[in-house]
Amino acid sequence: MKLSLLVSGAAILAVSVGALMWGLPQYGVWQQELAGRAELVRAEQNRRIAVLEAQARLEAEELNAQAEIARAHGVAEANAIVAEGLGGPEGYLRYLWIQSLGENGQDVIYIPTEAGLPILEASRHLAE
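Heads up, the sequence shown is in this note's numbering, so the first residue is 1283 and it goes up one at a time.
Derived from the structure by calculation, the hints contain no laboratory data.
Glycine included, each C-beta is placed from N, C-alpha and C at the ideal position.
Errors might be hidden in some of the hints.
Unchecked claim - Okay, the calculated beta carbon distance ranges per label pair: (1) A1358 / E1385: 21 to 27 Å; (2) G1373 / V1333: 50 to 56 Å; (3) I1331 / L1295: 47 to 53 Å; (4) R1324 / H1355: 43 to 49 Å; (5) E1359 / Q1381: 15 to 21 Å; (6) V1299 / E1335: 30 to 36 Å; (7) W1304 / Q1337: 49 to 55 Å; (8) A1354 / L1375: 18 to 24 Å; (9) S1382 / L1340: 37 to 43 Å.
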């Protein structure tokens, strides 16, 4: 009885080892196939994400361009209204020049005289 148990145990062990020797490589191949499929799906998903991000950037740039065009039209219209109210483009340029005089922080302003030449204050510093 002990011999038959020993023989049957050895047979079961031999069959188990044989099954493992055949099954483990098959399992490795199956596992690698699943890993490859998962990697392929991951790569496709990453590509879709990159395409969607690029499309979103393109749409954003197109909308920014439209906004910039609309802003430029608004500025041009506002400039035309102001220029018309100031007597034309020359009046508007004179207005802008006067506005910039207050912003430059200079104390001395030279005003042209009859010949278009400014009166120079060369002796101003001598009196001080």
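Against the structure, the hints:
One distance hint, 21 to 27 Å for the beta-carbon pair A1358 and E1385, holds here, with the actual separation near 23 Å. With their beta carbons about 54 Å apart, G1373 and V1333 fall inside the hinted range of 50 to 56 Å. With their beta carbons about 52 Å apart, I1331 and L1295 fall inside the hinted range of 47 to 53 Å. Between R1324 and H1355 the beta carbons are some 47 Å apart, a value that agrees with the proposed interval 43 to 49 Å.
Judged by the Cβ atoms, the range 15 to 21 Å given for E1359 and Q1381 holds: they are separated by roughly 19 Å. The given range of 30 to 36 Å is broken by V1299 and E1335, whose C-beta atoms sit roughly 53 Å from each other. Roughly 50 Å separates the CB atoms of W1304 and Q1337, a value that falls within the hinted 49 to 55 Å. About 19 Å separates the C-beta atoms of A1354 and L1375, a value consistent with the hinted range of 18 to 24 Å.
The hint said 37 to 43 Å for the Cβ distance between S1382 and L1340, and at roughly 40 Å that hint holds.
Hint compliance for this structure: hint 6 is the single one not met.
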